[in-house]
Amino acid sequence: MGVMKRMSGILQAKTNKILDKAEDPRESLDLSYQKLLENLQKVRRSVADVTTAKKRIELQATQLQSQADKLQQQAKDALAQDREDLAREALARRAALAPQLAELQTQHQQVADQEQKLIVTAQNLQTQVDAFRTKKETMKATYTAAEAQTKIGEAVSGISESMGDAGMSVQRAQDKIDSMQARAGAMDELLASGALTDLTNPVDDIQAQLDQVSATSTVDNELAALKAEIGAGTPAQIGPAEGDTPKESGGAPA
Amino acid sequence: MIVRILGEGQFDVPDADRATLDGLEDALNAAVEGHDDDAFASALAALIEAVRRAGTELPADSFTSSDLVVPFSDATLTETQALLEEPGGERT
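Chains V and Z are the protein sequences, given in the same order.
Counted from 1, the first sequence has number 211 at position 48 by our numbering; the numbering is strictly sequential.
Counted from 1, the second sequence has number 11 at position 17 by our numbering; the numbering is strictly sequential.
Excised from the complex, chain V in its bound form:
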């Protein structure tokens, strides 16, 4: 037997459980309607769960991206201060964030797909609820005829089938969220610990070194300015002190 027939059997087995509960076909109409309403609520709750999971991923991606941007800026600052070692370190850390960001983007896409599917499922179920509400009353009124009995059976198994489908969609979305939950938790911890150069930690080690370099050069500049002031009175001393000139021309391309 092929996959399509076997899948049909699985769906049938799931839906028979719902049908078995009712003995009177008319009772099965009300039961199906009640189940349909419960199903709709379930799908809606699932949409909310998936949306929450999606938002969490978006938040993590935003945090990671701003850390990557910050490291990029630090690399630039480091180069401007002639600290290639620091720039290299910042870029290396930034590169290490890339796979995590890519992973989050993949997860985001998957969750967004699930969300979209469940929204469509909810819309379809809502249409069925609205249509079935009046249809079941019409069917009950015509129940006495044998053909109506058959039609009730058909309608009920049709509706049970789409509930089975919706149930599987919800289960699937839930499984996806569950499998992401553990990784999302680990990522939250990583972000909170500052292991990825957390922004909430205002001065990280690269920044500290950059600040140090910048403070030193400020002192150097002030020193130079002071020397120039003093030197203005005694021009003869300035000439031999011009040891910095070759370095400056070497760093010109920056």
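Check each hint, because a few of them may be wrong.
Rough simulated footprint, nothing fancy, chain V against chain Z, three-plus residues with beta-carbon under 8 Å [unchecked claim]:
#1 19 to 33
#2 42 to 50
#3 63 to 72
Chain V is faced by these chain Z residues, among others (derived, beta-carbon under 10 Å) [claimed, not checked]:
#4 Val(-3)
#5 Arg(-2)
#6 Leu0
#7 Gly1
#8 Gly3
#9 Asp6
#10 Ser60
#11 Leu77
#12 Glu80
#13 Pro81
Listed next, with one range per pair, are the computed distances between beta-carbon atoms [what the hints assert, rightly or not]:
#14 V:Gln312 x Z:Gly28: 44 to 54 Å
#15 V:Asp232 x Z:Ala13: 50 to 60 Å
#16 V:Ser229 x Z:Ala40: 36 to 46 Å
#17 Z:Ala21 x V:Glu352: 39 to 49 Å
#18 V:Ile282 x Z:Thr50: 18 to 28 Å
#19 Z:Gly28 x V:Thr313: 39 to 49 Å
#20 V:Asp232 x Z:Gly28: 41 to 51 Å
#21 Z:Gly28 x V:Leu264: 29 to 39 Å
Bear in mind the hints are in silico, worked out from the structure with no lab data behind them.
None of these values were measured; they are calculated from a predicted model.
Glycine is no exception: its CB is placed at the ideal position from the N, C-alpha and C atoms.
Take the given structure of chain V and dock chain Z to it, following the hints.
Only chain Z this time, still in chain V's reference frame:
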């Protein structure tokens, strides 16, 4: 015949297209039996495309049972194999 694509809806496919679907399903069956992920993904995509193309989508309030059921469009082989082990999915 009525074909349901899980998570999507039902399609009324003319009986004349049965042979086409059968051929595409054979590829899907082979991929499941042969545990071939790539073959499974492409066979599933081809089957779904054929159902959508040949069939007419039923309105959500049609309340009809399906003759055949196609896995979710983004189903993986692993997931489908697990599903086929459930009650009702016996090969017989």
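Structure-based check of all given hints:
{"no.": "1", "hint": "19 to 33", "in the structure": "holds (count 5)"}
{"no.": "2", "hint": "42 to 50", "in the structure": "violated (count 0)"}
{"no.": "3", "hint": "63 to 72", "in the structure": "holds (count 5)"}
{"no.": "4", "hint": "Val(-3)", "in the structure": "holds (7 Å)"}
{"no.": "5", "hint": "Arg(-2)", "in the structure": "holds (7 Å)"}
{"no.": "6", "hint": "Leu0", "in the structure": "holds (6 Å)"}
{"no.": "7", "hint": "Gly1", "in the structure": "holds (5 Å)"}
{"no.": "8", "hint": "Gly3", "in the structure": "holds (7 Å)"}
{"no.": "9", "hint": "Asp6", "in the structure": "violated (13 Å)"}
{"no.": "10", "hint": "Ser60", "in the structure": "holds (6 Å)"}
{"no.": "11", "hint": "Leu77", "in the structure": "holds (6 Å)"}
{"no.": "12", "hint": "Glu80", "in the structure": "holds (5 Å)"}
{"no.": "13", "hint": "Pro81", "in the structure": "holds (5 Å)"}
{"no.": "14", "hint": "V:Gln312 x Z:Gly28: 44 to 54 Å", "in the structure": "holds (46 Å)"}
{"no.": "15", "hint": "V:Asp232 x Z:Ala13: 50 to 60 Å", "in the structure": "holds (57 Å)"}
{"no.": "16", "hint": "V:Ser229 x Z:Ala40: 36 to 46 Å", "in the structure": "holds (43 Å)"}
{"no.": "17", "hint": "Z:Ala21 x V:Glu352: 39 to 49 Å", "in the structure": "holds (45 Å)"}
{"no.": "18", "hint": "V:Ile282 x Z:Thr50: 18 to 28 Å", "in the structure": "holds (23 Å)"}
{"no.": "19", "hint": "Z:Gly28 x V:Thr313: 39 to 49 Å", "in the structure": "holds (42 Å)"}
{"no.": "20", "hint": "V:Asp232 x Z:Gly28: 41 to 51 Å", "in the structure": "holds (47 Å)"}
{"no.": "21", "hint": "Z:Gly28 x V:Leu264: 29 to 39 Å", "in the structure": "holds (36 Å)"}
Hint check: violations occur at hints 2, 9; the rest are consistent with the structure.
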